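2 protein chains.
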Amino acid sequence: MGTAWWQPVWLKRYSLALATQDLVAGLVVTVLLVPQSMAYALLAGLPAHVGMYASILPLLAYAWLGSSMTLAVGPVAVAALMTASAITPLAVPGTAQYLQLAIQLAMMGGLFLLVVGALKMGFLANLLSHPVISGFVTGSAILITIGQLKPLLGIPAQGQTAIEMLVSLGINVTQLKPATAAMGVASVALLWTSRRYLPSWLEAVHVQRSKADIVAKLAPMMVVLLAIAAVAVGDLDTVHGVAVVGKIPAGLPSLAWEWPTLDSWRLLALPALMIALVGFVESVSVAQSLGIKRSERIDANRELRGLGLANMASAVSGGFPVTGGFARSVVNFSAGARTPVAGVFSAVLMAIVLMGFTGLFERLPLAVLAATIVVAVSGLIDFNTLRHAWHYDQADAFAFAATAVGTLALGVEAGIGIGISLSIGVFLWRASRPHIAVLGRLPGSEHFRNIDRFAVTTYPGIVLVRIDENLFFANVAAVLDRVQVVLLERPEAKHLVFALASVSHIDLTALEALERLTKQLCDQGVTVHLAEVKGPVLDRLKRSELLRMLVHAPFVSLHEATKKLTDVSLRSGSSTEWKVSL
Amino acid sequence: MGTAWWQPVWLKRYSLALATQDLVAGLVVTVLLVPQSMAYALLAGLPAHVGMYASILPLLAYAWLGSSMTLAVGPVAVAALMTASAITPLAVPGTAQYLQLAIQLAMMGGLFLLVVGALKMGFLANLLSHPVISGFVTGSAILITIGQLKPLLGIPAQGQTAIEMLVSLGINVTQLKPATAAMGVASVALLWTSRRYLPSWLEAVHVQRSKADIVAKLAPMMVVLLAIAAVAVGDLDTVHGVAVVGKIPAGLPSLAWEWPTLDSWRLLALPALMIALVGFVESVSVAQSLGIKRSERIDANRELRGLGLANMASAVSGGFPVTGGFARSVVNFSAGARTPVAGVFSAVLMAIVLMGFTGLFERLPLAVLAATIVVAVSGLIDFNTLRHAWHYDQADAFAFAATAVGTLALGVEAGIGIGISLSIGVFLWRASRPHIAVLGRLPGSEHFRNIDRFAVTTYPGIVLVRIDENLFFANVAAVLDRVQVVLLERPEAKHLVFALASVSHIDLTALEALERLTKQLCDQGVTVHLAEVKGPVLDRLKRSELLRMLVHAPFVSLHEATKKLTDVSLRSGSSTEWKVSL
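Protein sequence lines correspond, in order, to chains A and B.
Residues in the first sequence are numbered from 1219 upward in steps of one, following our numbering.
Residues in the second sequence are numbered from 1219 upward in steps of one, following our numbering.
Hints in this document: simulated from the structure, not taken from any laboratory.
Nothing here was measured: the structure is a model prediction, and the numbers come from that model.
Be careful, since some hints might not be right.
Same chains, same label: a pair holds when it works inside one copy or across any pair of copies.
In silico DMTMM-like pairs for lysine to aspartate or glutamate, Cα to Cα no more than 20 Å straight-line [what the hints assert, rightly or not]:
#1 Lys1752 x Glu1664
#2 Lys1230 x Glu1514
#3 Lys1368 x Asp1481
#4 Lys1712 x Glu1778
#5 Lys1511 x Asp1741
#6 Lys1465 x Asp1785
#7 Lys1782 x Asp1600
#8 Lys1737 x Glu1514
#9 Lys1511 x Glu1763
#10 Lys1511 x Asp1453
#11 Lys1737 x Glu1763
#12 Lys1752 x Asp1670
#13 Lys1465 x Asp1455
#14 Lys1511 x Glu1733
#15 Lys1782 x Glu1763
#16 Lys1712 x Asp1741
#17 Lys1368 x Asp1757
#18 Lys1338 x Asp1699
#19 Lys1511 x Asp1699
#20 Lys1230 x Asp1517
#21 Lys1338 x Asp1517
#22 Lys1737 x Glu1710
#23 Lys1760 x Glu1631
#24 Lys1395 x Asp1670
Chain A with its partners taken away, still in its complex shape (with noise of 0.2 Å):
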């Protein structure tokens, strides 16, 4: 309402109130910040540091554009599987060139949402359906458990996809670990405890449900100090072979502007589009869910620029793709966020531990990291929407399954593809069974209804066809096959008459369509006419031929129509006057 592009929403409403509130929850956010952007960095093939580089610049820039009022901006699982896999095939893993591309990678990513949102074109995020979303990310979150039981049993495996990385897992098996094993299975056994059971524990001794909820959220942090403590008394990293994060470089990032090569662009350049899409729309859709909770808007555009600039925020300062992550977001709103101000203090927070705080982290297991990864996923695995699906409406319980399947067995680059395939590939079939019924009039009354469900009388030698779809390219041929029938099946038709109330657009493919069985119904001696135009379909065909080549103007109503047509004055010549108005 009045606030410019680059003007923060929050701005002219803030105040101490607000602030206080965005402190809390800026510092519980941060406590689950820190443990998520290492192991995030390392599933994206990057140095554990590289997660915390990309959560300081990017949260400022999310808080000046974007607009969500609770949306924790920063790594996130899908996302950091997606820079993964589209890295992996030009580089190794833990190299400068890698760390590199990925850098690039987000430079990309934030560009082409900064783009899409300067043209306005958000709906290209309605590429995806909610089902396909649903079946990717749950098909990611399955990819990336089945890849962090490498490190947390300590067992060497690769492999892309599921089925590889399974089959590595099992022909390696004899070389788990046994300490790193057992402090990754002890791990997830905490998380998942704590996630689980420890907020109605707390319930039990009269703490507040919300306050035991957060309390549940800071877990991984417990469980992070809790391991590193372990390691230091029991030197499990020197004498056990548990891998631990190690050295990580004191300080803040550098900054540098790195602009992607041509050679880059040419191979980054769709899974950049790809990373950007999917994280926008996921973030998107958490930002929306949020917000109805508290009645405030999400500006799709706003996002775009907000996710485009935190994005190019996290290249400029080395790190790799963010967006907006769904548990840190939730935890962000239980915690009491009131305004993107909460993710400015989570950023400050963040380099405070990066200036004094590494040296603590670094004797960190991976295997820690990799439990804090499993159980954070585990809640992104929504078969619900699947049995919803099923129950509604098959034809999107099978784009949530191809995906999903899609996505674990070929990787999520094909998986992305087959869901944006399905998405429109299930929008077609379905635009290529189009309603059509033929009408009768209730008796008695001005009122058509369809023929097959009503006792409707009829008109002997008029056809009255309601069309319940727009007309356009993809269905066109359809209803137009399913007219055809209608009218072989009644061979003293001599009116055919088009009810098109529910029509709101017309294409030109449709359009031209609609006039060649217009002359050809002419040649057999079926009179073509239309009833219950809409007032911009009609606008828009007082610039064709369609409306030119009727004998009669288009009827207000099929009571109209049946009148008009049945008066047999007026059927034996046509009146013509009535287009002089066009």
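Fit chain B to the supplied structure of chain A, relying on the hints for placement.
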């Protein structure tokens, strides 16, 4: 109508009278087919006789399984161009490897069509809207014309895109061969004149119009024979360096089943699919426009099988991708073809030419074949559709122009990719701007109309919103966004009624969004109702949560909705007995 898929549709009613008409048409088409098949083979980068090979078995295959009575199947210009574009990066034109890839391309395309047909997925052809197809064919025709300037004028040139070719032609224009250019330009002039004026001239000397048309269509063969005579008389090939077709192997092609290698699949699957898809769409539209004139129905699934088998037959006999061509089908139609047996006669005649008369065409100048192509494809350039689209629907005009320019500037594969993206893009863009209307009652009636277009009475506290589109993943966000704006303007609203008379389908994404909205508005004190729900939509909603969230059963009409919601006794408490029936 009771004809199994493997029975030719025309067999039961075939007669000697029909055979006579088919023979005449077959003869006329063959006279056109001989030069065109050679020309299109050259356009595809193949030896001329390969075109003749592709004009025998495919015609028999289509006659068996196809559904059009008048479609003339065989080599066509656009498919030939796409073939050249697919194979040129992989092999050198003229080599055995190049021919082998062309054969495999036909085999794959045929398999794709058969599989799509078997799965009854003919609706896939709906990926392409008419302006996009038209733009693609227009761009291809211009690209072909520019490409043919090289043989037509005898200028050496190279390049895949229009600009590359024009630049190359410009650089090498000094190497123009005068005798070749004279022959080429003369042929174009002769062909153009006979196409444009010969029918009228013949009519002026009292030849019947239909016969005059056919004679004019035979002009290419006359020009071919004239040119061969000229070459023989003046020794233009040996003395003046006019390039000619050269040695043609006599006799029928030997049959071989060439199964594509895994490598070929990887490289050619996508081009094969594109060629098959474009060929199918073009072919069906030709078949339909001719079928309409004689009230013959085209069965898309039968067409898939007919064209699929035709392409496999082409591959088996050493040919390249074939489909139904526009020019020859029109000739076939006007020459009086009654069934695909006309194609059988063409095939037999073509076999006779191959067995006995190939020597005749060895001194045929390539410039004349180039002239045949240029004049034939000039008929495919269709700026009418662009003009038509510009007046009626500028999004469609944009799709036409972008596809045509993309084809010219980036080549056929990029062009068709742009076209498909735009078909779908325009649809998504349109879907993202759905039409909804806030309604009021027309005074003194039970009719409700848009408050922006009519003087209507509204009900305080009740907002009636008519949704004019099917609700699905691509538009539900936009619809609900609009609804929220409507509610923000009416803070006094207590009831929101969705009028769904125009909604034939609600997909899962939309359903979930509606459920979220209902819940959210409930928290804000606004009750959501449904009205005018169609039968099939209601059947499906009964399997959802949404109906259970409503406090009142869907209203049959808006009249009922307003009557009940203004009834104070009902507004105080909600009746839930109706849910028992769910």
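- Task: Classify it for me, Lys1752 with Glu1664: is the Cα-Cα distance of at most 20 Å met within a copy, between copies, both or neither?
- Result: Both ways: Lys1752 and Glu1664 sit 19 Å apart in one copy and 18 Å across, limit 20 Å.
- Message: At most 20 Å between alpha carbons: which applies to Lys1737 and Glu1763, within, between, both or neither?
- Response: Within one copy, since 11 Å is at most 20 Å while 47 Å is not.
- Item | Copy assignment of Lys1782 with Asp1600, given that the CA separation must stay at most 20 Å | Neither, since 57 Å and 40 Å both go past 20 Å.
- Task: With 20 Å as the alpha-carbon cut-off, assign the pair Lys1368 and Asp1481 to within, between, both or neither.
- Result: neither (32 Å within a copy, 34 Å between copies)
- Query: Is it within, between, both or neither when you check Lys1712 against Glu1778 at 20 Å Cα-Cα?
  - Reply: within (17 Å within a copy, 37 Å between copies)
- Message: My question is about Lys1511 and Asp1699: at a cut-off of 20 Å on alpha-carbon distance, are they close within one copy, between copies, both, or neither?
- Response: between (47 Å within a copy, 15 Å between copies)
- Using 20 Å as the alpha carbon limit, work out where Lys1760 and Glu1631 are close: within a copy, between copies, both or neither. The answer is neither: 46 Å in one copy and 36 Å across copies each exceed 20 Å.
- Go through the copies and call it for Lys1752 and Asp1670: within, between, both or neither, with a Cα cutoff of 20 Å. between (25 Å within a copy, 13 Å between copies)
- Status of Glu1710 relative to Lys1737 across identical chains (alpha carbons, at most 20 Å): The answer is within: 18 Å in one copy meets 20 Å, while 52 Å across copies does not.
- Item | Intra/inter-copy verdict for Lys1511 and Asp1453 if alpha-carbon distance must be at most 20 Å | Neither way: Lys1511 and Asp1453 sit 48 Å apart in one copy and 88 Å across, limit 20 Å.
- Message: My question is about Lys1230 and Asp1517: at a cut-off of 20 Å on alpha-carbon distance, are they close within one copy, between copies, both, or neither?
- Response: This pair counts as within: shortest intra-copy Cα distance 18 Å, inter-copy 64 Å.
- Query: Given a CA cutoff of 20 Å, do Lys1338 and Asp1517 count as a within-copy pair, a between-copy pair, both, or neither?
  - Reply: within (11 Å within a copy, 42 Å between copies)
When the structure is compared with the earlier hints, violations turn up for hints 3, 6, 7, 10, 15, 17, 23 and 24 and for no others.
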